[in-house]
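Novice: Here the protein sequences line up with chains A and B, keeping their order.
Read the first sequence against the working numbering and you will find it ends at 452, with the numbers running on by one and no gaps.
Read the second sequence against the working numbering and you will find it ends at 1452, with the numbers running on by one and no gaps.
Keep in mind that the hints were calculated from the coordinates and are not lab data.
Don't take every hint at face value.
If we take Cβ atoms under 7 Å as the criterion, some of the chain B residues that face chain A in the derived model are [stated by the list, open to error]: (1) G1025; (2) A1036; (3) R1048; (4) G1327; (5) I1330; (6) T1331; (7) M1336; (8) G1416; (9) R1418.
Treat the numbers as computed from the prediction; the structure is a model and nothing was measured.
The beta-carbon is built from N, C-alpha and C at its ideal position, and this holds for glycine as well.
Number of protein chains: 2
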Amino acid sequence: MTTAGSEILRPTAAILAVGDELVLGEKLDTNSMWLADRIGALGLRVTRHQTVGDDNDAIAGDIERLARCNSVVVVGGGLGPTADDLTRHALAMALERLTDQPNALVEDPDALADIERFYQTAGRAMPPANRVQALRPTSARCLSNAHGTAPGLLASPQVDGQRRVIACLPGPPREMKPMFESLVATTLASLPGACAAPLHVVQVFGLGESDLAGRIEPLMRRGNNPAVGTTASSGLVTCRVRPEPGEPVRGPYRATTLEDAVVEALLEIERLADGHVVGRASTSLAGTVLHDAGTHGLTLATAESCTGGLVGQLLSSEAGASRSFLGGWITYSNEMKVRELGVDPSMLNTFGAVSRQVAEAMARGASERSGADIGLSITGIAGPDGGTPEKPVGTVWIGCHRRGGDPLVRCFRFVGDRQSIRLWSAQTALFLGLKAIRGQGVPKLLREVMDA
Amino acid sequence: MTTAGSEILRPTAAILAVGDELVLGEKLDTNSMWLADRIGALGLRVTRHQTVGDDNDAIAGDIERLARCNSVVVVGGGLGPTADDLTRHALAMALERLTDQPNALVEDPDALADIERFYQTAGRAMPPANRVQALRPTSARCLSNAHGTAPGLLASPQVDGQRRVIACLPGPPREMKPMFESLVATTLASLPGACAAPLHVVQVFGLGESDLAGRIEPLMRRGNNPAVGTTASSGLVTCRVRPEPGEPVRGPYRATTLEDAVVEALLEIERLADGHVVGRASTSLAGTVLHDAGTHGLTLATAESCTGGLVGQLLSSEAGASRSFLGGWITYSNEMKVRELGVDPSMLNTFGAVSRQVAEAMARGASERSGADIGLSITGIAGPDGGTPEKPVGTVWIGCHRRGGDPLVRCFRFVGDRQSIRLWSAQTALFLGLKAIRGQGVPKLLREVMDA
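Only chain A is shown next, with the shape it has when bound in the complex (with noise of 0.2 Å):
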């Protein structure tokens, strides 16, 4: 990501999460990953994360070791007033170890005053245990915090001859976001090197991974610049196309500055991708779903067998999604789809629950009862039991009923266990609504059995 061509270099940054609930996985951290996106979106380059204990040695020799190769370390958690909280003394230990300079811990009268009103505003007293939150090392400062009683910490060494920023967090994600945006990141950005890299993303849903890979591979060769990769989650595919400024353009492209040379990849991914771009936006496929609705003016509600909620949870979860989204059924027995869809008993008996016939009219009971303009319908079987043979685990209809339009209704065999059968259900269905809603036809998707 830096050559010898640059005058100054990217400055780097380490993650290190804290807690014994972390690395024995108790505890899903999803703090380094959030953090990581934000430091890269500043202009810097993360190399690495780690997790450690509460065990002051190991986190003082991480913070040490990160903190000599790195320009910044950004430490999560460990700063709560119990007994295995232990950031505070490790932070001490790591900066005396790196400056070859004393650095006791000293209570910072102002994080006291906070802490002590905190607990005030709350209407309560402060707890005597919580005074040792109002530590820090000599050389360090407090960053105070918002929305709970764990000041940050804030250290700017020099480690052989050189700035180095270690930014100590408070662990509960509600109290180290607002942290982090309001007092470390614009320091973060003004460090000499730091330069923002515009990340431009291209959705694509229904394709293989390794087929779209494929079909865009000189992009994706390795120092291409810009440089363009790929993940997948269940059917959606996020193509990111990351330009490093200040390099010249490297790869197949036509374009001769960086700026062009971005559009000329997104350009190349999207005619290549076709009939399965969902668009450029980051956002979730429910997220794009809403807005297109929005922008068309149409509403949308939802029939769900399998899935359970599912889609209209992923709808609803999208601030705003009320102005699209009317409602949904969850018809997990035969008897809800009868009655509350409108759904033909005799079709269930012929051709059973997950059948394209049921899809279809499920879907269609979901928007003539609710009066939305496009109904979305998922029934199957999630496993892991109820398959048989002509309909394993992960056979699962999925329909689209557009008012005054032709029903759309297909058949998938997913792959996985339930929760994998499930989502994957979901987002397709998403993605026959995205396309009801641009009026536009669906290719062949992943997983899809044309014969059914």
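Since the structure of chain A is provided, determine the placement of chain B on it from the hints.
Specialist: The following block gives chain B in isolation, referenced to the frame of chain A:
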């Protein structure tokens, strides 16, 4: 976790995740948590996780360093067929450095045949690029992959006179997990000193983690054996009781054997958490609800507004949910609340959609219209918009209608962002359902507003 008193120390393990998409924060790493949990359950002690990008030197350096101070290193990712899949080369390099012996990559004929067979089964010819996946360091062996093309790699070098195990697994969880279970787990469990410490759990709902920690503080002190720790997620606090086998009982226990001390800890937590106890399973809250509904022969239905299907999604994500979960309604719009659940329109006008009256009517409607014994309802303001001074963002009414019983309706003021408010709402509704199934009263819950 280990002391001089044990004859053989518990073997330690480190986890290394490989991939630019992980380091850059483009993709969430869930493998490391899963591996840590499984490796811990096999009786090893996980010391750290690390994440590096697709860089040969960085991967090789990390494998080498981790293998020097851990018995086991499990590497995830970087085994694909493309130019940025470098784990094979990095492992060879690390093995050369660790053993001071050449360890060139060689093609494994069985692995190659496996890959060719995989494509054959899919009705395609193996692309030439995939041939590289059959390479392995001379001293390593391939682990066959039942769910993809990337074979794993297993090496057992002697380092400083001690045997190490280095396992490289593919990145996709669907391939990684079965390979770990079938081809790596037994090797790890049979390492000298590996001693599976049974993990015991008490789940508690609606009690603040710090509140609970205060109540059980003597049990949670560092150095206790069994040790007690807590983690919290959306209202559910999991208390883990973890004995260290072969060590004496330490802490506030009356019991003199580890087995008895575990039971003593569990009973003490249950006594102090009282009406908030969910149970001793480490399943999801939805799983416990379905389990208890099953044993009581009761059925459930849902009526969701601001959670938009999330409760249904949580219930239906459990295998076999259809035995007790009949289905539900996502009544995002007022029209659907009236038409589908029989909510009185004048009630909506008088009290608003977010009100005790509407929550109660929705729960009753869900139960009566579906025929379910228990109807759960949620109506609230998940934000970020839609709040008022009287009903700020986070205000959520949750109802539980049990046929023949008094309706239970509670008001909450949840904090955090939209997702957090929705998840707390869904979990709280499930807890109300659980108490209704058990015929138990509900204590005051975290974030509950008593005077609403």
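Novice: Compare the structure with each hint and give your call.
Specialist: To see whether the hints hold, each was checked on the structure:
no.: 1; hint: G1025; verdict: holds, 3 Å
no.: 2; hint: A1036; verdict: holds, 3 Å
no.: 3; hint: R1048; verdict: holds, 5 Å
no.: 4; hint: G1327; verdict: holds, 4 Å
no.: 5; hint: I1330; verdict: holds, 4 Å
no.: 6; hint: T1331; verdict: holds, 5 Å
no.: 7; hint: M1336; verdict: holds, 4 Å
no.: 8; hint: G1416; verdict: holds, 5 Å
no.: 9; hint: R1418; verdict: holds, 6 Å
In the structure shown, no violation is registered for any of the earlier numbered hints.
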